Amino acid sequence: MAWTKKVLRVNLTAGTCTTEPLNQQWAQDYLGQRGLATKYLCSEIDPKVDPLAEGNKLIFVTGPLTGTMAATGGRYSVVTKGPLTGAIACSNSGGYFGAELKFAGWDMVIFEGRSAKPVYLLIIDGKAELLDASHLWGKTTWHTEETIKKAHQDPQIRVASIGRAGESGVMYAAIVNDLHRAAGRSGVGAVMGSKNLKAVAVRGTLTDAYQVANPEAFFTAVDAGKAVLAANGVTGVGLPTYGTQVLMNIINELGALPSYNHREAQFEGANAIGGEAMHEKRPTDGKPNLVKNGACFGCTIACGRISRMDPNHFSVKDKPQYHGASGGVEYEAAWALGAANGVSDLEALTYANFLCNEDGYDPISFGATVGAAMELYDLGILTEAEVGLKLTWGSAEALVKLAEWTAVGEGFGKIIGLGSKRLCAKYGRPELSMTVKGQEFPAYDGRGLQGMGLEYATSNRGACHVRGYMVSPEVLGIPVKMEPQATEGKPAMLKAFQDLTAVVDSAGICLFTTFAWGLQDIQPQIQAACEGDWSEERLLLVGERIWNLEREFNLGAGLSKKDDTLPPRLLTEAIKTGPQKGAVCHLDKMLPEYYEVRGWSAEGVPTAATRTRLSL
Amino acid sequence: MQKSLHIDPNKCTGCLQCEMACSWENHHSFTIAKSRIKVFSFHEAARFVPYTCTQCDEAWCMMACPTEAIKLDPVTGAKIVLDPTCVGCKVCTIACPFGTINYVASSGKVQKCDLCGGAPACAKACPTGAITFVDADWTGLEKMRQWADKTDTNPATV
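Residue numbers (the working numbering), protein chains in the order written: chain A, 1038 to 1653; chain B, 573 to 730.
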């Protein structure tokens, strides 16, 4: 009952919107959101399809807990084949959009084909129509959201859209909803742009679209879950106070904060760009960068940063449109825009982050690509004449210019928009690209944290921190403390995290709950909301099934064991300084064992026995 | 003792748990479109403001109603819409200076906050204490306490 049991299929080529019933067997096998959409995608497209071709599909999907009072129950995902990686892409976002889609009565929207001209989809409860978006093409996500609300005289419409980055094919373009929440990674926004789909706008007012199966048990479980979040040091204090930025100094002190395109594993400017710095009054105007923390739909943690820039900062001095409050830097953005390329100017990072939201592109991939470009420049491979500016390490001016150029596909921004892998290949130094399967690393060094190294190598969507967050055991001691440099036991722990994460991502709740929640806190909420028997064992089996289905999609797409690796820098260049000095990632010790605990062959292919066990 | 809803916008994070709780209480659904309390987001000012009926003593909605469909709950002080009597004329929505009584097309009646009979679901659901249900005569008590805490007239302790 927690599903609306309705799927909206939008054929952009034909311009049609049709309703079909949700495949309820698949809902039982894959729960919702990430898992369910993966099942649909794998069943409907050829994994070898060109991600930006008409044959690719783009799925917006909610989970059974989306749009309920479960804490953080507002998530949705966008699932497609990613252009950055050529692998399955699944990007998860908060804000208010996902819940609104449920209120309108839809579990998911499947886009197929390609529109001849720019369009946007308007969903008002059961009614869906494609409308002309010619006037929105070439505009930002912020402009698009405002224009659509005004056009339909409804400020309560929620909008997910692409900016100019998605239109111009930035390989890591994002889909932005509610101004500064994003389905950020793997280039899902570029797929949307390739379909000439500018936005999805939705307003939901139905009271009978879905229901929790057992309200009494549901509220008992939900209230208990909220109490656990409130009492936990990370979710109750750390995240609301400092946001994910609480990690900047912790990871830096641990010696696992990659900087200068992973040449170093600590950043001397970490203090200046971390969570504490956002609270400090600026010497220039006496005000702190951080104005307030904000929540996504239904979230009782509220880790979101809302920042206001110094109006006299060089990047916005003559641009009053950026003087109001907007989405501030989270840890990943601050790291990528800052540490990855040596920039320690918090205001410059904030401005670049505003642009990432405004025109829809992933700050992790963008910042990391700038870092790679700076290394190429440092080596004399890129020149000032070619780039159009001095691309020296730590240059806030260069960061700001490249952010502006990438947003609109201008000058060298076109090259930065290709991502680190294609950039480094273009200039003959592919080994300098800090990527896995074409996707840039996030903010943890895979040498400093061995489990994270294995996680990056095996993640189904390329380098990513939110597919099996080994930082939990390796740094925070959740659920048990594991030494960062140990390799023993890491493959099995990673598998457990990957499977659990797949469940969380399929339920409609936020992964950040798992700083405090274990499966024992999540299971009763799912059990009470959904029909059927959802034991912990069954949920973990669902998670494992999802992981293996994603793996099979990637194998079908042509990826293989050879792609489960790390750049040579992480495998052979030891960390030079700090607590993890001397470390490289011992992937060779962990990967065979990982395949074994996964029930895969030595070539990384799920065995017949594993496929049978998972009913694949 | 009469109690009233007390709202502190500074504490609001915009999570909308209050709107879902209100909708559940009154419509058995989480649909925030049906909520009687609304959280407004002033994006550029970084402000979230929960807003609902303040239960005016001299309630203009009640006085404007031609069918006497709005009654005082003597226990809670809430002004309550009597559904069987309401004819959906919407005159109350015009009379209310704050916009906190609204028409519901699906039922053909108006709806407004009724304080959930004395245990408001929004206040219970609020995770940050932005919405509380407190002594109506002392809604300023916490603010007074905070300022009192800043008062120190003994130089020896400074």
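Watch out, some of these pointers could steer you wrong.
[Stated by the list, open to error] Computed footprint of chain A on chain B, listed as stretches where at least three residues anywhere in the stretch have a Cβ under 8 Å from a Cβ of chain A:
id, segment
1, 581 to 589
2, 592 to 601
3, 606 to 617
4, 636 to 649
It should be emphasised that the hints constitute simulated quantities derived from the structure, not laboratory data. Values in this document were obtained by computation on a predicted structure and should not be read as measured data. All C-beta atoms, glycine included, are put in the ideal place defined by N, C-alpha and C.
How the hints compare with the structure:
1. 581 to 589: holds (count 5)
2. 592 to 601: holds (count 7)
3. 606 to 617: With 4 residues closer than 8 Å to chain A, the segment 606 to 617 of chain B meets the three-residue bar; holds.
4. 636 to 649: As far as the segment 636 to 649 of chain B goes, the hint is violated, because 0 residues have Cβ atoms under 8 Å from chain A.
Violated hint for the displayed structure: number 4, the only one.
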